[in-house]
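There are 2 protein chains.
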Amino acid sequence: MSLHIPEKPVRRPPALKPGGRIGVAAPASPFDKKRFETGVNLLRERGFEVVLPEGLFSRKRYLAGDDDHRLAILRDLFSDPSIDAVWCARGGYGSMRLLERPELDNLGLHPKAFIGLSDITALLNHLVIRCKMATFHGPMITTLADADQQSIDHLFALLGGGGVPPILARSSRVIVSGKAEGRVLGGNLSTLVHLLGTPYFPDFKGSIVFLEDIGEKPYRIDRMLTQLLLSGSLEQAKGVIFGSFMNCGAEKEIETIAAERFSSLSIPVMSGFPSGHAMPCLTLPLGISARLDTDEASLWYLESALE
Amino acid sequence: MSLHIPEKPVRRPPALKPGGRIGVAAPASPFDKKRFETGVNLLRERGFEVVLPEGLFSRKRYLAGDDDHRLAILRDLFSDPSIDAVWCARGGYGSMRLLERPELDNLGLHPKAFIGLSDITALLNHLVIRCKMATFHGPMITTLADADQQSIDHLFALLGGGGVPPILARSSRVIVSGKAEGRVLGGNLSTLVHLLGTPYFPDFKGSIVFLEDIGEKPYRIDRMLTQLLLSGSLEQAKGVIFGSFMNCGAEKEIETIAAERFSSLSIPVMSGFPSGHAMPCLTLPLGISARLDTDEASLWYLESALE
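Here the protein sequences line up with chains V and W, keeping their order. Those letters in the first sequence? Residues 1 to 307, by my numbering. Those letters in the second sequence? Residues 1 to 307, by my numbering.
Honestly, I wouldn't trust all of these hints.
[Stated by the list, open to error] Pulled a few chain V residues facing chain W out of the computed Cβ check, cut under 10 Å: (1) Y93; (2) E100; (3) L168; (4) S171; (5) S190; (6) E253.
[As the list claims (entries may be wrong)] Cross-link-like lysine-lysine pairs, in silico, DSS-like; alpha carbons within 30 Å at most: (7) W/K252 to W/K179; (8) W/K34 to V/K217; (9) W/K17 to W/K60; (10) V/K17 to V/K179; (11) W/K217 to W/K33; (12) W/K217 to V/K60; (13) W/K217 to V/K217; (14) W/K252 to V/K217; (15) W/K17 to W/K33; (16) W/K217 to W/K34; (17) V/K252 to W/K252; (18) W/K252 to V/K33; (19) W/K179 to W/K60; (20) W/K60 to V/K252; (21) V/K252 to V/K217; (22) W/K132 to W/K33; (23) W/K34 to V/K33; (24) V/K60 to W/K34; (25) V/K34 to W/K217; (26) V/K252 to W/K217; (27) V/K217 to W/K132; (28) W/K60 to V/K217; (29) W/K33 to W/K60; (30) V/K205 to V/K179; (31) W/K252 to W/K217.
Think of the hints as simulated: they come from the structure by calculation, not from any bench. By construction, the Cβ of each residue, glycine as well, lies at the ideal position given by its N, Cα and C atoms.
Only chain V is shown next, with the shape it has when bound in the complex (with noise of 0.2 Å):
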């Protein structure tokens, strides 16, 4: 292990004040609006203004409207002075429909917190390698509505800015044992393997990599994970850290299979831990130096996350 430098560090935003003015964005999916509704309340409750752009709730089949509406909301929260954040309304999908747009390398001009998962996760990675800047894999609005108190006193304590509190996985697995320091990056398992071969990828080399899935059959997180492996793009990568993997059969046979694809890698590999679709679901910066020690079953940020 050596203590991994980034080549290029990224640009954190600023804090989440009490106060602050959070602009949601619908990048994949159209949503729930009961459950998204829930959300809102739970960030107004919170003291936050909550700011909804025109057509945030426009459908065009599976997409929450085309492709330049859900750009558009994009572009224009971030380069709003007045928004304090950008939160995501949920995943689906749609994100990877708009990596080839030159818009989106102009949103880590005004760096602020970008909040999300699932099919986000092609955006929160494209935003750190190819914007330099830091996003958090953390709850959507719609899914604020399961959160759970750890979940959520973890997630603000974050976004406040008081540094990022130490992860315990309590029902963790080692799959392989170590200790290693690198950014951590990843995410959605799908919605990162549609990215291989495709200049999107985000760069694992000197990284810890966070898998996570929803509603995946066993046969198809093998599938995705001997093409992570085929594809070599974890050659360079540090750590590796399965999250949770909600509705995807029986916990001990993902674990079997995990275990069976990766314990030939000479990292440290660990799984159990507790980010994703299922609660408790805590938030990881993503572009930020940590240390994994699958021994303590153990996170630790090396950074802050925000100014």
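Since the structure of chain V is provided, determine the placement of chain W on it from the hints.
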């Protein structure tokens, strides 16, 4: 359009003569015994001897035995001079787990008709590209149980060495009008995109690319086509043919997605081609040159697929 001259012509397996010995392989998932018997009986009624290797019915989770076992059956069938053709029992998942094995590279030393589809796509294309051997995208033993007369007639006319009957798509839709010549490659869309980013994704340069799928929701079809586009792997292809998309939602929605994603390609693109999981499933030789004419909705093979 210019005539496509393959740099290195593929080897053509010998035709399957009456009384020929068909060896059955299961490189992917275990299979239903009743459907399998129906398929085997159909081959026997046609006058072929069907050889069932020891351990063919093995099962390890979603695999028909472990990787060594499935690979050994394939290798033994190809190296046995008394076997005239190797027919896959079923797809599912598992072929891509074998692609790293050097033993696969030797299969082409003894060219035999190799027949399958779905997950077998990984092997079909691998044998064309790595082993320079023509393969056959067609019904597997278990899918023979569903095959209609047209599919059966086409299949056995083809395997018998009488040349490839011309294929007309009766309910096709033109996405990009045109004519193209090139070797036919491709198969199951999911299987192909899960090879992207690995050394095993087939080189589509100069090829007519066939794509089909089963049981994938519309947003997933969109995601896979978007990945193919972003990967640039179609940039040097000569044409694209969409086959059946069975249980993937409304046929019209899939056609809309295919048209939306691929209408910007500057090569002929056609949907509604009678090959894939749905019937009729007309067997397509892979690695063999053909001529696509979207306005005639036709695919004419320019070469024989068998010696």
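Evaluation of the provided hints:
1. Below 10 Å, beta-carbon pairs count as interface contacts, and V/Y93 has one with chain W at about 4 Å; its hint therefore holds.
2. Below 10 Å, beta-carbon pairs count as interface contacts, and V/E100 has one with chain W at about 7 Å; its hint therefore holds.
3. Of the supplied interface hints, the one on V/L168 is violated, with its beta-carbon coming no nearer than about 31 Å to a beta-carbon of chain W, more than 10 Å.
4. For the restraint placing V/S171 at the interface with chain W, the shortest Cβ-Cβ distance is roughly 23 Å, beyond the 10 Å limit, so the hint is violated.
5. The restraint placing V/S190 at the interface with chain W holds, with a minimum CB-CB distance near 8 Å, inside the 10 Å limit.
6. With its C-beta approaching chain W no nearer than about 7 Å, V/E253 sits inside the 10 Å limit, and its interface hint holds.
7. As the CA atoms of W/K252 and W/K179 are separated by approximately 24 Å, the hinted pair is consistent with the 30 Å bound.
8. Restraint check: the Cα-Cα separation between W/K34 and V/K217 comes to about 24 Å, which is no more than 30 Å; the hinted pair holds.
9. Proposed proximity of W/K17 and W/K60 is contradicted: the alpha carbons are some 35 Å apart, above 30 Å.
10. A hinted pair counts as satisfied when its Cα atoms are at most 30 Å apart, and V/K17 with V/K179 does not qualify at roughly 34 Å.
11. Distance check on the hinted pair: W/K217 and W/K33 sit about 28 Å apart at the alpha-carbon level, within 30 Å; holds.
12. Under the criterion of a C-alpha separation no larger than 30 Å, the hint pairing W/K217 with V/K60 is consistent with the structure, at around 15 Å.
13. The suggested pairing of W/K217 with V/K217 holds, with an alpha-carbon distance near 14 Å, which does not exceed 30 Å.
14. With a C-alpha separation of about 27 Å, the suggested pairing of W/K252 with V/K217 holds against the 30 Å cut-off.
15. Simply put, W/K17 and W/K33 have alpha-carbon atoms about 27 Å apart, close enough for the 30 Å limit, and the pair holds.
16. A threshold of 30 Å between alpha carbons decides the hint, and for W/K217 with W/K34 the separation of about 29 Å falls inside it, so the pair holds.
17. Between the alpha carbons of V/K252 and W/K252 the distance comes to roughly 40 Å, so the proposed pair goes past 30 Å and is violated.
18. For a cut-off of 30 Å, the pair hint linking W/K252 to V/K33 stands: about 28 Å separates their Cα positions.
19. At roughly 46 Å between alpha-carbon atoms, W/K179 and W/K60 are farther apart than 30 Å, so this suggested pair is violated.
20. Restraint check: the Cα-Cα separation between W/K60 and V/K252 comes to about 15 Å, which is no more than 30 Å; the hinted pair holds.
21. Using a Cα cut-off of 30 Å, the hinted pair V/K252 and V/K217 holds, with the two alpha carbons roughly 13 Å apart.
22. Proximity of W/K132 to W/K33 is assessed by CA-CA distance (about 33 Å); at most 30 Å being required, the pair is judged violated.
23. For the hint linking W/K34 to V/K33, the alpha-carbon distance of about 47 Å lies beyond 30 Å, and the restraint is violated.
24. Proximity of V/K60 to W/K34 is assessed by CA-CA distance (about 43 Å); at most 30 Å being required, the pair is judged violated.
25. Taking the CA atoms of V/K34 and W/K217, the gap is about 24 Å. The hint holds against a cut of 30 Å.
26. This hinted pair checks out: V/K252 and W/K217 have alpha carbons roughly 27 Å apart, not beyond 30 Å.
27. The suggested pairing of V/K217 with W/K132 is violated, with an alpha-carbon distance near 34 Å, which exceeds 30 Å.
28. Only pairs whose Cα atoms come within 30 Å are accepted, and W/K60 paired with V/K217 is accepted, the gap being roughly 15 Å.
29. Proximity of W/K33 to W/K60 is assessed by CA-CA distance (about 16 Å); at most 30 Å being required, the pair is judged to hold.
30. Among the hinted pairs, V/K205 with V/K179 is consistent with the structure: their alpha-carbon atoms are about 16 Å apart, no more than 30 Å.
31. A C-alpha spacing of about 13 Å is found between W/K252 and W/K217, which places the hinted pair at or below 30 Å, so the restraint holds.
Checked against the numbered hints listed earlier, the structure breaks hints 3, 4, 9, 10, 17, 19, 22, 23, 24, 27; every other hint is satisfied.
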